[in-house]
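Asks: Residue numbers (the working numbering), protein chains in the order written: chain A, 1 to 327; chain B, 1001 to 1732; chain C, 2001 to 2171.
Since the hints were made in silico from the structure, they are not lab data. Heads up, none of these hints are tricks.
Derived lysine to aspartate or glutamate pairs resembling DMTMM-like cross-links, with alpha carbons at most 20 Å apart:
no., chain 1, residue 1, chain 2, residue 2
1, B, Lys1135, A, Asp131
2, B, Lys1135, A, Asp3
3, C, Lys2004, A, Asp5
4, C, Lys2119, A, Asp80
Computed beta-carbon distance windows for the label pairs:
no., chain 1, residue 1, chain 2, residue 2, range
5, C, Gly2070, B, Asp1072, 37 to 45 Å
6, B, Asn1420, C, Asp2138, 23 to 31 Å
7, C, Gly2131, A, Asp292, 36 to 44 Å
All C-beta atoms in this analysis are idealised placements derived from N, C-alpha and C, irrespective of residue type, glycine included.
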Amino acid sequence: MRDFDYARAGSRSDATARAGAGAQIIAGGTNLLDLMKLEVMAPEAVVDITRLDLHEISVVEGGGLRIGALVTNSDLAAHDVVRRDYALLSRALLSGATGQLRNKATTGGNLLQRTRCFYFYDTAMPCNKRDPGSGCHARDGFNRILAVLGTSDHCIATHPSDMAVALMALGASVEIEDAAGDVRQMPLNDFYRLPGDTPHIETVLEQGDLITAVLLPKPVAGRQIYRKVRDRSSYAFALVSVAAVVRMEDGKIASAALAFGGLAPKPWRNAKVESALTGKVPSDDLFGQAADILLADAVGFGANDFKIPLARRTLRAVLRQATEATQ
Amino acid sequence: MNQHLKMDRPQDDVIGTMAQGVIGTAAPRRDGPVKVTGQARYAAETGTGAEAVGVLVRATITKGRVTGMDSDAVRAMPGVLSVITDKRLLRNPAQGTANAAPVQDPGQVAYFGQPIALVVAETFEQARHAAQGLKVRYAAEEAVTDPFADTTEVERPEAKQTEQGDLDAAMTAAEFSVDSTYTTPAQNSAAMEPHASVAEWDGDRLTLHGSYQMVKYNRNELADSLGIDPANVRIRAPYVGGGFGSKLGIAPEAVAAAIAARDLGRAVRVVMSRPQVFEATMRRSGTRQRVRLAADADGRLTGIGHEARVSNLPDEAFSEPVTMATHFLYAGKNRKYAHEIARVHRTCAGSMRAPGEAVGMLALENAMDELAHAAGIDPVELRLRNIPDVHPENGKDYSSRRFADCLRDGAARFGWSARNPKPGQVRDGEWFIGMGVASAARGNILQESQARVILHADATATVETDMTDIGTGTYTILAQIAAEMLGLPLDSVSVRLGDTDFPPAAGSGGSWGAGSAGSAVFLACQKLRQSLADMLDTDPSELTLRDGTVTSSNTQQSLADLLSEDLTTIGHIEPGETSETMQHAGFGAHFAEVAVNAVTGESRVRRMLGVFSAGRILNEQTARSQCHGGMIFGIGAALTEDMVHDHRDGHIVNHNLAEYHIPVNLDIPQLDVVFLEERDAWANPLQSKGVGELGISGAGAAITNAIYNATGVRVRDYPATLDRVLPGLPDD
Amino acid sequence: MTLKTTLKINGKDRTLDADPRTSLLDALRNHLDLKGTKKGCDHGQCGACTVIVNGRRINACLTLACMHDGDEVTTIEGLGTPEQMSALQDAFVRHDGFQCGYCTAGQICSATAMLDEAKAGWPSHVSASLGDDVSLTDEEISERMSGNLCRCSAYPGIVNAIRDVARGGAR
Ligand SMILES: Cc1cc2nc3c(=O)[nH]c(=O)nc-3n(C[C@H](O)[C@H](O)[C@H](O)COP(=O)(O)OP(=O)(O)OC[C@H]3O[C@@H](n4cnc5c(N)ncnc54)[C@H](O)[C@@H]3O)c2cc1C
Ligand code: SF4
Ligand code: FES
Ligand code: FES
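Here chain A stands alone, though its shape is the one from the complex:
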């Protein structure tokens, strides 16, 4: 870890000003410090935002929830409204990391955690994300945990978050304050960028931007399911995960929102999969068609080929469960 200037932000504008001048924001620190210790990231200045007033969860007028960027994963998962109306989010959070890490991990930091690609983590290895232009050593290497959708020739990393997958299915937006003090909101789906030929750029955030909150729309009716498939029964990242909000009406699927983890460089959502299901009577055939659409462009790189059939099977099981007549 290189030496850095440490400053504790006294206000949002202080934070954005410092970040605008190049300081790296630190919240829970559970991802940033991990990477800084290995010098995968090596900021010269760090701005600590943990004392800012972004710890609140509040119900917004007209329904919906506003989650401060510094709300910890533990508090979010245990929050009464989240447990009642956004069970999917609680479930996703509780499946991630550990009790200790969730006590530190924040909502903003979780969204921005970086890939767990082995080669990204090892500074002796070429990696376009860490060191643009150096090459991607994972592609022809041990890529078992890496992506099958949304990849590029330059990078096949996955986004490791569970929380973000749930938020994607719930239609969340991100609230951002910039260095000028302007606040903007954007759907989570537009927040992340695919790697293309710039895998080091992962989101639309600009230097100086501070995530201040995540906004959830009014709770939607329907069954909410988060299913995470992994190598250990706990304390392991998702190989594949599926978040689903499915509403049934008169024996038909009235609406379906589906998001996927472990498959792509960002929490993956594909509107075509959802529209193929909407208005239909649930059946194994239908679920298979949905999986076909989801995985039409999926490409494995050897060790991660299994993710394609695994995603298919998991999606079908989740849909079966979500559309069952009784719970």
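Based on these hints, arrange chains B and C with the ligands on the given structure of chain A.
Replies: Structure of chains B and C with the ligands alone, referenced to chain A:
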């Protein structure tokens, strides 16, 4: 005043006739209170805080030479004291019981991640950053890293290619046969305490606080590496945060700390980072094993073949002894073994918990399961039918063996009869449920060992030996032995361990620690009993010692009254002819119930039972915990542990605990362990056998056999991660 | 450059003047002579470094000491002494909830805070419902303790010890 015994003859059970009644009990660990309150000091914690801090630098090529490095730039960094590239630095860690320096000279690179330098600074933060910044130039060479490539150089040591009868003919003539190939991956011991050393010099005398399992050997390895007299080296390791083989021999950080401390004239602490533990301490070799079994119509084995390929660096003598248990476990006239060592540039391979059996038994016991299916014979019954009367290759008797009882007793306790022999029949919701069995066997060894016992005039006792307690329970067991023999309450015995200033013991390895070091304590106490008997003019057998009271014929008095001064003895045990005349081993049977998810292929162990015959159990609780540990290592081996080497440069890809998956709490159900009553007079005077490694032997195979029973999927490449199960599952 | 930080550790104010890079874990071990907290990985992957900060268990390795100015920290040394062990410490000894002892401080700090989380009604990944009625089954204990690796594999004893204390078992 010494008591020496060479194990040339079987020994009567003496400790069993004592009166104190603490031996064998589940006495809680003596070191418990200091450990649960954070007071026990492990190696890295011994410094005063004034020591300098060293961080090792890794090679980022696979093979070649270091041609230069920008040491000056690093020396100029804040706090940096030194950049050490001394030729004495270790390239490889020392093998267990090496007793001499391992491969040195870090300027020659033999594997990716090899230590090549030590950067020392005032603080850890400074040293870490400086080490990361050290720019190194290399002359890289082509390196072979794949043990299974056609072009890889392979050694076939003659002594390990053995044959008895004609296996090929037996296979042809067999009514039922199996010919399967299995692979097991590289693994890491991953003890929770990373390797750590604090070195301090006083003139020419070096004291090293290290995290080591066998300090009498480690002292010689360290001295030889440094080129100094072992008499000038003291190693202290009173608490060791796990070893599992990885701390048998000294590792690079020890020598580096010693050299740096000498150069700088102050104490130096070097702790390996977790990735360094993966890259630069022992790995368990991956294996490829072909097992052939030939059986007649009744399932009686007529032939066994076990051929293995393992790997190691070109200049290392160790090779994973895969077929160890196969030699003596089952009958069968025709036998064939082959052992190949691929010479590759990967991290040094060495001992990890139960070298040999831990991986060899996975293949053998899977093959037995395959044979049971082929022959339509119950897997427990098949094993029972193939228990030989005597060692099938050399005709020796077994020193003790309740192998059949383990299988029968285990089957009854586990409810084995409820198992549906047809795979894929039992479902619980989304889960397939299956049961599996596997045998356990692990050779039992006695090693030379000494211990000093001081019986103080106030009727307390102190045991001193350089033996270590790496979680094995040594503190407690040695206290129990001394307390039992001397008739003292457990609290009156204190035990001091892990210091080369104490009499040399066997060290913690090969499961021989408790039996060997314990026998030394036993012998010393026997001598003390003799002294007490002499004082009373009687024979030791007439003496009853209990709760600090001495009773002989009609007299009774307190031990404290009898003693006027401290009595000191050294007990000394040596292996003798019994090692040769008998086949020594612990035996057991594992039973597992496993659930396999029909959608995802995820496997979870639901319950597991191990039944063991391991001679006298010295402490019920610590022995059970050792077996738990072994069984859980088996669960890890079966389901999750896989140290992956990149196929291009051999570097360890998942060199951390987030991606090298040792089992977590939720992976483990409550485990049942049963010890059958047994005494082994040929093993040692305590009549005990080792348990630390017996529990891992076969454990993983019981789980993969259960996966087969659950699903019909036979995973022959370990571990059975979901991607290996999935292709065989029905379309769900 | 160094930074001054004041921490309330085990009830006492302690001042630290250290490199800002110093993790809370290294501050405890290398600067404040509180070596009971262990380092197993330094990357949030093992739980050996678990301490309780402002009532919550966290990994001391993945946070900077300077970020905790004014915070209350409880380490294993603050929970009990060999002469006066906490209920959990005592139960770990009785149930053999450890072997080498290296993960143990982290296990016990973690379990101490975990019991409070359960009391507060926090659900876990294995909870059948997200309601408040947490009953600490073995499976619940195991899931909630899965952030603490134990390579000696004392998991059965760890679960037994925690279950014992959770049910108000013998001190
Ligand atoms: C061993 C291990 C296992 C894990 N397992 C899982 C898992 O199974 N599932 C899972 O989802 N996660 C897992 N995690 C990841 C964990 O969830 C993340 O590390 C955590 O959510 C990051 O949050 P943080 O607040 O600590 O972020 P930090 O480390 O503080 O920050 C992360 C990034 O976000 C930026 N940032 C933080 N807050 C803001 C803000 N408000 N505005 C702008 N930028 C900001 C920082 O600059 C930094 O780049 C695991 C982590 C570890 C170490
Ligand atoms: S997949 Fe992406 S993160 Fe991984 S090595 Fe390639 S470029 Fe780097
Ligand atoms: S040392 Fe902090 S989690 Fe391992
Ligand atoms: S007791 Fe050794 S790691 Fe847990």
